[in-house]
Each structure stands twice: as C-alpha cells, then as structure tokens.
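Here the protein sequences line up with chains H and D, keeping their order. Residue 366 in this note's numbering sits at position 360 of the first sequence, with consecutive numbering throughout. Residue 70 in this note's numbering sits at position 64 of the second sequence, with consecutive numbering throughout.
No wet-lab data here; the hints were simulated from the structure. Remember, it's a predicted structure, so these values are computed and weren't measured experimentally. Ideal Cβ placement from N, Cα and C applies to all residues, glycine included. Hints should not be assumed to be uniformly reliable.
As the list claims (entries may be wrong) - Below, a sample of chain H positions facing chain D; criterion: calculated Cβ distance under 10 Å:
hint, residue
1, ILE57
2, ALA61
3, ARG158
4, ALA163
5, PRO190
6, GLN207
7, LEU209
8, THR214
Each chain, written out:
Number of protein chains: 2
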Amino acid sequence: MSIVTPTPTTRPAGPEETGPAPDPGEPGPGGPAAARRAVDTELAAFVDEKIHAAAPRLRPLLETVRGFLFSGGKRLRPLLCLSGWQAAGGHGASAPVLRAAASLELFHAFALVHDDLMDGSALRRGRPSLHRTLALRHRDHLAPGGAADPDRFGTGAALLAGDLLLSWSDELLHRAGLPADRLPGALALVDTMRNEVMQGQYLDLLVTGCPSAEPGRALEVARLKTAKYTVERPLHLGALLAGAGRPVLDACTAYALPVGEAFQLRDDLLGVFGDPAKTGKPATDDLRDGKATVLLALAFRLATPAQRGRLRQLVGRPDLGEREADTIRGMLTDTGARAEVERMIRDRYRAALQALHGAAFPPAVAEALRRIARAATTRPA
Amino acid sequence: MSIVTPTPTTRPAGPEETGPAPDPGEPGPGGPAAARRAVDTELAAFVDEKIHAAAPRLRPLLETVRGFLFSGGKRLRPLLCLSGWQAAGGHGASAPVLRAAASLELFHAFALVHDDLMDGSALRRGRPSLHRTLALRHRDHLAPGGAADPDRFGTGAALLAGDLLLSWSDELLHRAGLPADRLPGALALVDTMRNEVMQGQYLDLLVTGCPSAEPGRALEVARLKTAKYTVERPLHLGALLAGAGRPVLDACTAYALPVGEAFQLRDDLLGVFGDPAKTGKPATDDLRDGKATVLLALAFRLATPAQRGRLRQLVGRPDLGEREADTIRGMLTDTGARAEVERMIRDRYRAALQALHGAAFPPAVAEALRRIARAATTRPA
C-alpha cells in the first residue's frame, strides 16, 4: 500500500529513484539539474530556519528529518511543477514558484514516512526508514536518559515527524510569496491532490493481500496514487501559478494520466520480471506479498481454472521460493497477462505523445515531457 | 504523550470531556449551546459533502470518521475561537468564522486519532478508539474479503484517517470564505499552532517514562500542548478574523496561558487524587505509567533522599497496586508537592482574572472567559 510504487518488504530505492525522472545529466542552466538545485536551496532554507528556531531538545529530531529529506530523491514532483509553470507560459523560475514546487517535496516526504510506518518497512532509499533511524538513534542522541522502548519511540516520533512534514508543506506553500489572487486556487488544487492520494492509499489498503481482485481496482489505485499525485497535480500546480486556463490544464491531464499509469504498470512488470541487479530489489517480493497489481489481477482473470487454482496456492505465500516464483512467472506469461500489460503501456505511451502533440506547450517543455514519458515506459529499473 | 490531557492506558473521557468547557446549559441564542450547534452544522455539512463525493468503497471509512467526530466533544476550541472573534469586536457568528472555528475541531480530531495510535489507547470518549473501531469493523463492513490482518488494517486506516482529518482541517479553512486580506494571517497563525502542538507532543514523547525530570520540562509541555494549543491559538484565530491588533492578541495570551497551564495542573492532580467515579478514570494510571507531570516532578525534587528512593521504586511500576499508589499519594502530600501544585493553580487563576480585568473585552465575552477560567481550575473531573 505504498504511495506511488509497489511495496516490497525491503526497498532500497524509493519512488523517485525509480521514477520517470528527466535525465539528470541534461546540461544547461535551465535544465533539470539546475532546477533541482534551486528547489533544494529553497527546501534547505525552510528546514534550516525551522531547526534554528526550535527548542534545543527538538533539534536532533528536526536534523534527522532533514537528513531524510536530503538522503536521495530526484525531486520529480517539484520538477513537474516547474514544467507545468513553463507549459503555461511562465518564464524562468521565481522564488515563489520554486517554494511552491518545494512544498510538494515536503508533502512527498510526509507520505513516504507514514507509508513506511504503515508497511513496517525497515528500508527506504537503501537506508533505514525514518522510524528505524529514530529508533536506532533514540538512546544516544534523541532522548538520552529516556525510558521509552526504542521501537515505540521510533514509531511515535516518525508519526509526529510525518505530521510535521505535512504541516510544513502547507506552511512553505503559504509563505511562498504567491500573488494574493493565485493563492486560493493553489490551495484548492493541493487540497484536491491530498484527498486523491489519501483515497488512493486507502483503496490500496483495502486490496492489500487480494491480488485476485478485478484489474480495474488496481488501475484505480494506480491512477490516484501515481498518475494524479505524481504527474498530473504537480503539473497543474505549476500551470495554475502561471495563470493557466482550462485548455492548458486539460492538456496537462491528457498527458499526465497515461504517463502515470504506464509508469505504474512498468513498475508492476519490473517488480516480477526485472533484473534485481538493476531494480535494486528482489523480484519475488511482489509475488510473496500477493501485491494487488494489474498484472496479477489480469493473470487471475485470464487463467484457466487449473492455472487459477495454482495461482491461488502460490501467490502471497510468505515462504515463496525462487522455483515457485518462476512457476508464477511462467503463468503470467502463458495467460497472456504480461503481454497485455505491455500492450497497455504502449497504448498509454502513445496517448501521452498524442496529447503532447495536441498541446500548445512551448517546444522545450514538450520535449522534456516526451523524455519523461519515454523514461517512464521503457526504463529497465 | 497525549495531546491536551494525561494519557491513562484507558481513558473513557477525552480532553474536551474534562476540559474547561463553558456551561453547556447556558441559555440564550448567543450562548455556547447555540454556538456549538452552529459549529456542528458547518462540520457536518463539510464531512457529508466529502462522503457524498467519495467513491463507494471509501464511504464506510469516512462514515466511521464522521461517527468519531460526532461521538462527543464539547467543541472547546471552536467556542474559544468564537470568543476571540467577539473579544475583538466581531458580532454574531458569520458562516466563514463558524467554518474557521470548525476547522479547529477537524484538526483536534486528527490529533486525537494519531495520539491514540501512538499511545496504543484502546478507548476514547468511552468507546473504542478509531484504530480499534476500524479493526473491529474491518471484516464485516470495510474490507469484505480483504486479507489484511484486522489490527494492521485498523492501524493503517486510522493513520490515514488522521492524515485525512489534518488535510480536511486545511481545506475547511481554505474554503471558509474568509476575506482575501484575512486569509494569509489566519493561515500563518494555524501554521504556528501546528508547529507548537507537534513540538509539544515530541517533548512529551521525550519525557515519557521520566517522571523525575525537572518540573520545568513538564510545564513546557503543558504550555505548548494545552495552554497554547487549546486556549491561546483558538482565541487568536477568532480575534485575527475580526481584525484584532497586537493589544487584543496580547490580552488573549495573558488570559490563555495561565488558564491553560492551570487546567493541565488540575488535570495532573485529578489523575492522582481525583474521584474515579467523577473523573471516569482510575486514579492509579498516571502513577503506574510514570507520567511526567509537574506534580510528580515536584515530588521528586522536594523529596528527602529516602522518599526519593521510594518514589523511584514505585512510580512507573506496571504492577502498581492500590496500596503502593496510596503510599505515593502520601508522599506527594508530605513532600509538599500537592500543595505547591494547588498554589500554582491559584496563582494562574488569579493571573487570568487579572488579565481579563485589564483587557478591553466586551463584558459578555469577559464573563464567559471568567467562567471558563473558574471551571478549568476548580473542576472535580
């Protein structure tokens, strides 16, 4: 039930690490690398001010949160927000827009922290997840002399840290310096995004451990959690700040939804057929967890009765071995589920390109978004 | 580490139930009972719209959250917000002000839900806490056919429900219809309030199980979590919406901080010396949990070395019996800690009245706030 990506029991790479990120090596002062640095500067300034203003006993917690924020992440949502701004005719990237973009990253950090708590994930971005870090640092750094059990302390402190990150994402947006006539629209959009992602999280929780549910349910979760949250709403936020009207917002949606869904579908395939050396995660976790993906749901639907019985026996078994996993993989291929997912990805990639073709975006923005669509659908990890 | 009130393992009464609430029986169309109804009308309208707009599979969760919101609570923070509005010269209670007041109740519900998660509290307001309710309703109502473990489902769903309530509190404030020139100030104030209460929560978490820490630390927690969050900031929000300047805000603070601290100090006394038939909670829980209250901290400080050794042996013992609890109570009295806390309450009550005396509030508002101060300091439960 993780936000954005599947939730293997251990996941060395977070959502952004495997996300449809623009090429980080792209050169030029207006490229994503420069934009990322500019976003990080705003993010750091905000968090450092918080640390500076905090009571001394609070600082170690806030510094741990800061470490988490800057331990990785490609800043995909902020970058898409800046793309939306440019798509709607915004030029450069003023401080208010960078701050609004950075506020999405604080929100995302909140989502990851609470997600790891819900899943009991010990790892995030190849390091201990925040609740584990807080538990580990409990005695020595955070609460010297404190009597609470380290795990309970870690859980409670991470729950609070997540709440704080969510509040901070508000505060950074409120204090971004947006023009008064843009603020209400931006707030309403962010409210919508939050409702969507939390609803997606809950629908995901409902199908947890039910890989045989209908494929439409898994696709609905992918739409709310990945397509809208990760791609559409960040684009919309930037576009709104540049004063975009309905046509630009609709063009963003027409691009974002297929790209986001394709991204999630590719993730589902990589979770089962990917090369662990490249994806950085075992290719058995999704099968062992019985993750409710479109891929597995399609397999259950397309299977013969005999195959379906065998799938039911194997998928979700906590003791699933490599041989049984291979048996499932064989059935995912034989039923045609794998090919069907590949077809869905191709369809969505085409739809996204088509949408870009019809959109009146500046050429540089369209090219950047095309690159993201390609990366999202063809990536090997 | 509960927000606002001490955290017995089981707590049949929530913070508001034991809070310094105005007399609910006060008659008249402008009295608290009418105000409470008006706030509840706005609250219900907002939540019902959310339920109506939600996907069918989401509705049972949202209806459970609605049930939690309306299962009790005296709406103390919204009422204080309305008092602040009137203190600054606001008349009646327009819909935008009622909605802003109601948004505080959504925030409070978020705080209670996450608080109960952190504490593992099974009860709230005499009923199962939200995570317990969600676990209990899991199979039959919420996720029929779902495979997740009920407790894990309840924890995850309540974490999400809390996140949703926090986001909703934003949304209701954003959509309250506040004048454009008031919105930024209101947002900034609410951001401050959130930082304070979450910092207070964390400081509380740090002293959990350390009843012998210095009294100043327990008082700092009481100030952030009760005085500022429950009394000062709600008054400020209402006052700001009425266009209050610094003098009115300062007068609110001068009243709020002593009242809030006195309220918490009375709560500490009731948690140990209160009549369980009236407080609705056992008088041994705080002692058994080793709750870091000002009362216990003072006892450790004022004790003779022999008393201190005995306190260390007894306070926080999970198997603490009635006889040992009586021994501790005796020491709380003999050391003078109990009398010192009573003195602190009296001082704060006087300071609050003094502040009201100096404030240029309309007489009806001053009288309502006097009544709250009295209730907060002398209540038997």
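Taking the hints in turn, this is what the structure says about them:
Against a cut-off of 10 Å between C-beta atoms, the interface hint on ILE57 of chain H is violated, since the closest Cβ of chain D lies about 12 Å away. Interface hint at ALA61 of chain H: satisfied, since its Cβ lies 7 Å from the closest Cβ of chain D, which is below the 10 Å cut-off. Contact between ARG158 of chain H and chain D, as hinted, is supported at the beta carbon level, the nearest pair being about 8 Å apart and thus within 10 Å. Using the Cβ-Cβ criterion of 10 Å, the hint placing ALA163 of chain H at the interface with chain D is satisfied: the shortest such distance is roughly 6 Å.
Restraint check, PRO190 of chain H versus chain D: the minimum CB separation of about 7 Å is within 10 Å; hint holds. The beta carbon of GLN207 of chain H comes within 6 Å of a beta carbon in chain D, closer than 10 Å, and the hint placing it at the interface holds. Annotation: interface hint on LEU209 of chain H holds; nearest CB of chain D at approximately 6 Å, less than 10 Å. Evaluation of the THR214 of chain H hint against chain D yields a held restraint, the C-beta minimum of about 5 Å falling below 10 Å.
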